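Peer 1: Please construct the entire structure, taking both the sequences and the accompanying hints into account.
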Amino acid sequence: MFSKILSYALNGLEGVAVEIETDINKGMVSYDLVGLPDAAVKESKERVRSAIKNSAFVFPITKITVNLAPADIKKEGSQYDLPIAVSLLKASDQLLSDTDGIVFLGELALDGALRPVTGILPILISARDRGFKKFIIPAANANEASYIDGLEVYAMTSLKQVVAFLKGAEQRLPVEHRGYTAARANAAYDYDMSLVKGQAVAKRALEIAVAGGHNILFVGPPGSGKTLLARCIPTIMPDMTFEEALEVTKIHSVAGELSEEGIVSLRPFRTPHHTATTVSLCGGGNVRLRPGEISMAHKGVLFLDELPEYSRHTLESLRQPLEDKKITVTRAGGTVTYPADFMLCAGMNPCPCGNYGSAVRQCTCTPSQIAKYRAKISGPLMDRIDIQVEVDGVRYDDLAGDASAESSAAVKERVERARAIQRERFADEKSGMINAGMGEKQIKKYCRLSPECEAVLKRAYESLNLSARARTRIIKVARTIADLAFSEDILPEHILEAASYRSYEAEIR
Amino acid sequence: MNYTAVERDLITLSSITELNYKDKFTALSAMMSPEPDIGAIQKSLIKRCDIGVYNKVEEKYSSPEFRGYVFGELEKRGIECVTYFSEGYPEALKKLKDPPVTLFLKGRRELLNNRCFSIVGSRRSTFYATNGASTFARELSRHFTIVSGFAAGADSAALGGAEYRAVSVIAFGFDHIASLPNAAMLERVEKNGLLLSEYFPTVAPQTYLFPIRNRIIAGLSVGTLVVSAGLKSGALITAGHAVANGRDVFAFPYAMTAGEGAGCNNLIHDGAVLCRGVEDVLGFYGFAPPPEKRIELSEEEAAVLEIMKEDGEIFINTLSQRLGTPSFKLIAVLSSLEIKGLVARIGGNRYTIV
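Just so you know, the protein sequences line up as chains U and A, in that order. Just so you know, my numbering puts the end of the first sequence at 564, numbered straight through with nothing missing. Just so you know, my numbering puts the end of the second sequence at 470, numbered straight through with nothing missing.
I should point out that these hints are in silico values taken from the structure, not numbers from a laboratory. Predicted model only: the values in this text are computed from it and were never measured. We put the beta carbon where it would ideally sit given N, CA and C, even for glycine. Mixed in with the good hints there might be a few duds.
As the list claims (entries may be wrong) - Just so you have them, the derived chain U footprint on chain A, three or more residues with Cβ under 8 Å:
id : region
1  : 196-204
2  : 419-433
3  : 436-446
4  : 462-470
Peer 2: Quick look at the structure:
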């Protein structure tokens, strides 16, 4: 006897329908699973056997062959337990109902209960686009699924329940569609700009960085609040649209890091430790391809604290995704592309001992030690960090004084206005363009400099010993500063301010 | 390069790496007579070195291959030599107890004909010291050739300030300059100024060579300015040589608590001339003070500058509180002042008056 059940496989964030074919024949007792299953899928054999038995069904003792088609795609993960079990029940005539067009997803426990699986959201989206309508998924994944409109998704808790539902013995309603705004309203960040005392310069730089989408580097002594400042970045970024949130949720779903909520409505903030490997940052892995930290930070912030401590190789691997906003990972297991449109925020000490530039403590480093420390970060990577700003050592007056600091909401408002100006400016360009993304062509078109500005820039270039690439950076940042000031033209003071956000390149004194 | 026979002898002698600077000068002393007596040289050297070293020295000195090698290498690198007996050997150096026998030079040797003034300091210098070194060097280079070492910090700042009148005295052979962290700066000195060493180009850096080198810096100059020196700084050795040879010593004043300037304060206490500005050095030698510079300032810039003149160093935050101007507006103003060369950033969002 033969049966065919639908399920779904993921390759990166894109899905492919998988057919589970089960054939039960007379012959030597055997139970084979074919069709390029990985270790987790192979093990499903035993889970399925126990789950069927413990759900009060009979596991057929004859020759069983299960095939996962198409046979040339590698099948990963545990979501095939349920379809295999259903397929077996059908092939052994224990279930006679019609299962055509239903996609089954779910991992089975030995007692027949359904366990959640990763990647439900991208699977549903991909399957919807391919015309599938009806799904049976584990109840624990219901929240995630509820954000997808136009589908008939049934959330079940056990194999028994699935069979009862298919037989029509139990009536169930599909998962109710939930609006995104509801989730958004419940979400709030743990940090706020008003928590940051003092640091007026760094806060201003942060505002500019977010408004123009510039990557930012904080240089400051240990304990000066670099991390706190970085944590505030998501709080002043514009809210994510539903499309953005879905995109982010897809990645987090694949990585299995989705919270109970079922959707990522806050901008992600990722802080990989400096021992992170290239694979953990960029994605990959030999057992199962997984998105890396840069993809997990998609539409959010990637914070690299102690930047010079990361291995050079790891840092260099960021260059291409910073440019392309996505990363293609190629491994023996296949090739996948993950989006990686993140804002890079880095923190570092000014020198190995950390006291360089401190007003109270003496730096014990020689200039060559400092130069060597700073040289750990390559020029090409530095090119992609438009704003470098110093974070002052915290002084007691700043901590104690309660000069009411601005809240994130107020800053965010200004950021959103600056972003609106940019949307209008780049209406003809490819969508989503912001100031930081401007190339030479756009700079020429949108950043006309008056002769006066050119003169200021030239003087700055000569007397501050700037590099050639610093010029482009200064112009881009000046454009954002002008946007924040609602100025159509870039004025000399914008150039001057932009020129000061280059502390990393400043001479070591 | 055309050298006389005596010059060739001295250059060969200086290129023998087995001899230290004192041995070389002992040998030189024996040659002081117009008709050098090789026997006397032998005698004096045998007194100083052990016989194995002496034999090697003699073998090298008399071997035509070694001479060929020495002059070949010097030619290849474009190094000029000025020996004790050559025309153009600085008279001031001859007054040292043990002057270098040969000066290996790269760059504009005519700089040595001028009166020299040295500016030295420690590697780990504050902005106060490095900025002072570079402005003093700039002003003084109108009247003097500026002599300094080659290390990062104060010495490099002085060489940078003097630009076309800078002499850097190296403590080892020229071949090893390329591996220094500030090799690029020294390359500029070679192009615009002069590099000087008493060692054959292949001699590797050794810590004990540095204090020995300092006698040349002090010996070349009429005066030595110490811009920064801790209690054990090498700059104090230079100052010591200057005192021993009857040259003038100048020093920057420091606060009592400033460890990086304790050596300078000691010098002043012991009679060095205290520098309140470049006028103090210029006046000492009878030169007029430099003309005052006039720089156009906007209203905001003038206000900022006024506060900074009182405080010297200031955080942007403090400045913003004093003036009641939002700090991001001050960033632009300070940036403009920095471009005009009136203030400098010294890290941690602090600015200092220049």
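Peer 1: Work down the list of hints and note, for each, if the structure agrees.
Peer 2: Against the structure, the hints come out as follows:
1. Against chain U, the region 196-204 of chain A contributes 0 residues with a C-beta closer than 8 Å to a partner C-beta. That does not satisfy the three-residue criterion, and the hint is violated.
2. Closer than 8 Å: that is the beta-carbon criterion, and the region 419-433 of chain A has 4 residues meeting it against chain U, so the requirement of 3 holds.
3. Counting residues of the region 436-446 of chain A whose beta carbon lies closer than 8 Å to any beta carbon of chain U gives 5, which meets the minimum of three for the stated coverage.
4. Against chain U, the region 462-470 of chain A contributes 5 residues with a C-beta closer than 8 Å to a partner C-beta. That satisfies the three-residue criterion, and the hint holds.
Hint 1 from the earlier list is the only one contradicted by this structure; the remaining hints agree with it.
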